[in-house]
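Q: In case you want the letters, here they are:
Protein chains: 2
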Amino acid sequence: MDASLPRLPRVLITSGPTHEPIDRVRFLGNRSSGRFGSALADVAAAQGHRTVVLQGPVKFSPLRTDVEVRNFSTCSDLQTLLRQSTGGFDILIMAAAVADYRPKPNPALSGGKFRRTNAPLTLELEPTPDLLAEVSATRQPGQLLVGFALEPRADLLESARAKLERKRIDMVVANPLEAMDSPEAEVTVVYADGRVTELGMLSKAEHAPKVLALAVAEWRRRVGAKG
Amino acid sequence: MDASLPRLPRVLITSGPTHEPIDRVRFLGNRSSGRFGSALADVAAAQGHRTVVLQGPVKFSPLRTDVEVRNFSTCSDLQTLLRQSTGGFDILIMAAAVADYRPKPNPALSGGKFRRTNAPLTLELEPTPDLLAEVSATRQPGQLLVGFALEPRADLLESARAKLERKRIDMVVANPLEAMDSPEAEVTVVYADGRVTELGMLSKAEHAPKVLALAVAEWRRRVGAKG
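In the order they appear, the protein sequences are chains A and B.
Mapping of the first sequence onto this note's numbering: position 21 corresponds to residue 21, and the numbering continues sequentially without gaps.
Mapping of the second sequence onto this note's numbering: position 221 corresponds to residue 221, and the numbering continues sequentially without gaps.
Hint data in this document are derived by calculation from the structure and do not stem from the laboratory.
Be a bit skeptical, because a hint or two may be false.
Residues from chain B that face chain A, not an exhaustive set, calculated with beta carbons under 7 Å [to be verified]:
(1) Val25
(2) Pro120
(3) Pro127
(4) Met180
(5) Arg221
Computed from a prediction, not measured in an experiment: that's the story for all the values here.
C-beta: ideal position from N, C-alpha, C; glycine also.
The task is simple: from the sequences and hints, build the whole structure.
A: Here you go:
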């Protein structure tokens, strides 16, 4: 590597939804499309960053062949991938919409399919592991951790700040709920030290280079002249 | 139309899964991919049948531009489309995997997103309208109604026969559970009068012309020399 050039941080991105099985055919999902995560990955790879995407059952995948994609379906799959994968990366962007709850294991359902009846049915859910908190707690010094928050517009900034503090992450990309499964988003980036950068309403493809640039700048700021 | 040629029956096909919203971002879904329904539609259109597909949030759509596609997301959407659409068709192939249950309406959730806590959560479900039974009860004389059954292999024939009788349909395309979201299926076609045709294990693309031919033959047999 040419020593006169600054080192390009390696980027790991999680993208898309989780599907938590109820029985052999049914699942609990969310409407995350993978648009933002794959746009971020394509931009990062185009700029020469080593780029890996951990990807759920998405509608949109990265287009570039130099993005390495590893697939997950459940929160538990993603947890395993993260434990194997985060080590070699400088910037971790957690854009996946991970289920907060999953059906409690039910041996009566796992092998088959529950039957239709005319009676109501109750589905017992349990919290999933908190992957963002786990990555935060186990990350290496110098790794920048970027979360996503998707919340009602009225609570957006407050929720983003609470998430930054609760999960001890460095930046949150905050979107109102309307951004899910939409080509556009009104993005606000909130930093752990309280700074706020409004990016306004743009397509996710337009947001991707801006969000990546903010993350890279924050990583450089934190690693100082070493970067 | 050339009077010497038999009339080609018009074909309506439902395809893919339903997604039943839990809140603004989460839903209850199933792993139906739309492979079988879209393969049936492409074959039907290629053979000159007027072909309409009512399509859920699928991975696979018909490839031919002469297939007319109308989209649904929930069981209730599909019910509306079916009430509007079945009138002009001779063969109705219900390949969609419609949710049997959906979350009970919950005003506290519909505008937003439930919060993660460390406590278990209970989701109350209610049965969805039985669309196959409704179409069966309201269909016009001469309309052939074909259902799909996806059941554990051990109960497959028995479940298919029970479905034929309970819902008063004409043919059931029975698949073991493994067929869901798979390129292949081991298909058995069961008729209301007890006949059984085994099609064996083939790709869904290979099954499509065979299943369509059986449906068209059964329609002709029922409409007699008029067809």
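Q: Each hint needs a verdict: does it hold in this structure or not?
A: Here is what the structure says about each hint:
no.: 1; hint: Val25; in the structure: holds (5 Å)
no.: 2; hint: Pro120; in the structure: holds (5 Å)
no.: 3; hint: Pro127; in the structure: holds (6 Å)
no.: 4; hint: Met180; in the structure: holds (5 Å)
no.: 5; hint: Arg221; in the structure: violated (31 Å)
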